[in-house]
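The listed protein sequences derive, respectively, from chains A and B.
Heads up: take any position in the first sequence, counting from 1, add 369, and you land on the working numbering.
Heads up: take any position in the second sequence, counting from 1, add 642, and you land on the working numbering.
It should be emphasised that the hints constitute simulated quantities derived from the structure, not laboratory data.
Hints should not be assumed to be uniformly reliable.
[Claimed, not checked] Short derived list, chain A residues pointing at chain B, Cβ under 8 Å:
id, residue
1, 396
2, 411
3, 413
4, 414
5, 444
6, 445
7, 449
8, 493
9, 495
10, 646
11, 649
[Unchecked claim] Some chain A residues flagged as far from chain B (calculated, every beta-carbon gap over 10 Å):
id, residue
12, 403
13, 447
14, 491
15, 645
No experiment lies behind these values; they were computed from the predicted model shown.
Backbone N, C-alpha and C define an ideal beta-carbon position, used for all residues, glycine too.
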Amino acid sequence: MTGHPDAVASAPAPAPAAVGAPHDRRGSWIPAGAMITTRFMELRRRRGLMIALTLVTVGIPTVFLVIRLLLHAFAPKTYGPAGGYAVYTAFVSGVLYVFGFIVAATLGATAGSADLTEGMFRHLVVTGRSRLALYLARIPAGLAIIVPLVAMGFTVVCAVCVFAAPTQLDYQGVHVPTGLSRVGLESWAADHADEVICNFGFRIGPSSPIAAAANSVPCGNGPGGGPVNVKQPPPGSQGQPQASHAQINEAARLIARMDYSDYARQFLYPSDSLMIKSGLWLELEAVIGFVVGLGLGSLIGQRTVAVIMMIVLEVILTPIFSRARIPHLANLQRAVVGLATAHLAPGGLPVLGGGGGGPAGGSGNPGLLPESTTVAVCVIVAWLVGWTILGAWRMMTRDV
Amino acid sequence: MGALTLLVLGALVYGVVRIVTQRDKNKRSRSEPSVDEWRAKPMDTDPRLSHAEPVATRLARHGSDPLRGSPIVPSIFQNGNSGDGWAVETHGLTKRFGDNVAVNGVELLVPRGCAFGYLGPNGAGKTTLIRVLLGLTHADAGTMSLLGHPVPRHRDQALARVGAIVDEPRFHSHLTGRQNLQILAAAREREARDRIGPALERVGILHRAEDKVSKYSMGMRQRLGVAACLIGDPQLLILDEPMNGLDPAGMQDMREMILSLVAEGRTVVLSSHLLDEVERTCDAVAIVDRGSVVRQGPISELLAGTSLVLQVECSDPDRARALIAATAIGAADGTEVTADPTGLSVTLSAGTGRDVIAEINRVLVESGISVYRLQVLQASLESWFLQVTSRLGESA
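In isolation and in its complexed conformation, chain A is listed as follows (with noise of 0.2 Å):
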């Protein structure tokens, strides 16, 4: 007004608009497209945030694989390849994983708590707009944001992961081909059966035929140098006669054919169907965590609050409540939705900080608290429906 003197008589009165007009929908609470673009748009002009998400969800992955990439580039005796099948399943089940949840509830408590703190929601609510249609127009605004993110640092891990694999597997110490079948195995068992009696693990009793045999191989540190499952001959079998060529070979065979379950879970990178799994994972814990930071950022109208809670589930409460054996709380710890999704996780990744996945992923995993898969999805539509009901409430009844 000051800066244009003129502005206020020479500007055009705005034009007059139909009221009531078929597409005037703003009591409906189906939020207008161009509700969830604009709010897009405020979520990915947030500068300070967009960078510190970015840097958490792909820049610590990148930079963690990069150095790992130049130091195999330059002592590759000393540094091992940067990518493979292990470095993937700690990158996802060990960085993505958490960070993906954290990342995505920080959004969604930003998304939930901004209106509010700015001053904007008013401005909103006095358009006439239904308050549902606007909470409701953040979640799929912030799921734009998110969903790309968490797929940007996962495909970084995945061609880095893939690209910069091993060519040989090192299983237990020992160079394996890869994809042997059980008898393919047992077969390359038999033709080095020296190395497989003094590096893979086995459990044998004093009267097995393994003791023998493997008394006869000399090794460095004792046979049956394999990392967990060693139990080591009775100090009285020292005497046993030497056994056979064919004898250590049969040895061989059955160690074989005991490791051949961990063995077929080791691979010189993922597959496909690990990755697809594992990225809708990944994608599914960030929806999760958006969510329910979105319902309880709207819910206390704070971000910091809200975040600060929802990092206390993620790293504290979560892994307890997981592997903790709470007597007659056992179904209240079920409804934890980290132990819901870790039931979830692809077959071959480790879950809940590095314990190690079973066959069938997380719910194979001894260490978790036992959960059906019917139960895990349930638990999972309630913390997602549950949520959103509980933000959706709170900003309708609201005063602003």
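Assemble the complex: chain A is given as a structure, and chain B must be docked to it using the hints.
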């Protein structure tokens, strides 16, 4: 496990039902009885004020007591309803915060097409009433309508043609002015997006439209707030302290803008502490005190009911005071004569005619007192406002 599943499903069903019923409840409870029903029933209002009766009755009874008899001075109010309903109409509107009654049985009628001032001391409940009208908080009792649409029953229709600034205008500071308006336009009808440019131009910040709001001064944010109102092509604008943060030139521009909006046929409700600005801008006012509207009407008619002050500059003030006090004029109710070294100050009751002033002049001249100057001072809105609110305070 089954119990857990049942519990979760039960909670879900309850939540859905709760939300749905809450919406219906809000629609019902906030509108409660119709206008006719409300007029027919007694209201829970402050007994100090005699407006706890139907509006029609009060309009008919107007004129009994200039300060306490009727808070409504009719004239344009009786003609202000053009047939489409009042711009704002409330009956018995009440809002409580615990034991504190912020809005106490407010009866408010705002005619269409005028600038209407809503005045009151700090804490009188001005902003709370505006928040109730706009659906930012719910009313505990009473009925209200905006532009003829009952609120909150037809809130979406009512607010479709309402623009408002409540408290200080706040926006997303990381976005530009234009982007903030885009967000608001998206919540309105499609045509609102086309009005962003003209609205920014009209309030004079088109050249700063691409700057972030964090770089805006308080005055520019006020203008952006007005622009946010204009994108809805409002028939009714409710502006809460729009002059805050404006420099004198900005206040002048805002005043001109309000007048131009009124000239276009829009209604502007202006809540302000700046009585001088309200007096210069508004056609009618309502005075609110302690949550209740204690007076409302056209400014000219409200001030017509106040006392006049006659300043007399003369040669012998003390003798002049004695002479006037001895006349019938001096003995009349409401007349007060005080002398000072330069002359007299004669306070006359409301409605005093010009012949009384001529009679005072004649008495003084015929007694040999030289009269140098006679000046009639009409009470200002500010003095009248203070008079009204202070008298109410004394009687409380």
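Here is what the structure says about each hint:
1. At about 4 Å, the closest approach between the beta carbon of residue 396 of chain A and any beta carbon in chain B falls short of 8 Å, and the interface hint on this residue holds.
2. Taking 8 Å as the C-beta cut-off, the interface hint given for residue 411 of chain A holds, the closest approach to chain B being about 6 Å.
3. Taking 8 Å as the C-beta cut-off, the interface hint given for residue 413 of chain A is violated, the closest approach to chain B being about 10 Å.
4. For the restraint placing residue 414 of chain A at the interface with chain B, the shortest Cβ-Cβ distance is roughly 6 Å, inside the 8 Å limit, so the hint holds.
5. With a cut of 8 Å, the hint placing residue 444 of chain A at the interface with chain B is violated, because the nearest CB-to-CB distance is about 45 Å.
6. This hint is violated: residue 445 of chain A has a C-beta 47 Å from the nearest C-beta of chain B, more than the 8 Å allowed.
7. About 44 Å separates the beta-carbon of residue 449 of chain A from the nearest beta-carbon of chain B, more than 8 Å, and the hint is not met.
8. A cut of 8 Å between beta carbons decides the hint on residue 493 of chain A: the least distance to chain B is about 5 Å, and the hint holds.
9. The criterion of a C-beta within 8 Å of any C-beta in chain B is met by residue 495 of chain A, whose closest approach is roughly 5 Å, and the hint holds.
10. With a cut of 8 Å, the hint placing residue 646 of chain A at the interface with chain B is violated, because the nearest CB-to-CB distance is about 26 Å.
11. This hint is violated: residue 649 of chain A has a C-beta 23 Å from the nearest C-beta of chain B, more than the 8 Å allowed.
12. For residue 403 of chain A, the condition that its CB be more than 10 Å from all CB atoms of chain B is violated, with the nearest at approximately 4 Å.
13. With a minimum CB-CB distance of about 47 Å to chain B, residue 447 of chain A clears the 10 Å threshold, and the non-interface call stands.
14. A beta-carbon of chain B is positioned within 10 Å of the beta-carbon of residue 491 of chain A; the least distance is around 6 Å.
15. No Cβ of chain B approaches the Cβ of residue 645 of chain A within 10 Å, the least distance being about 29 Å, so the stated non-interface status holds.
Hint compliance for this structure: hints 3, 5, 6, 7, 10, 11, 12, 14 are not met, and every other hint is.
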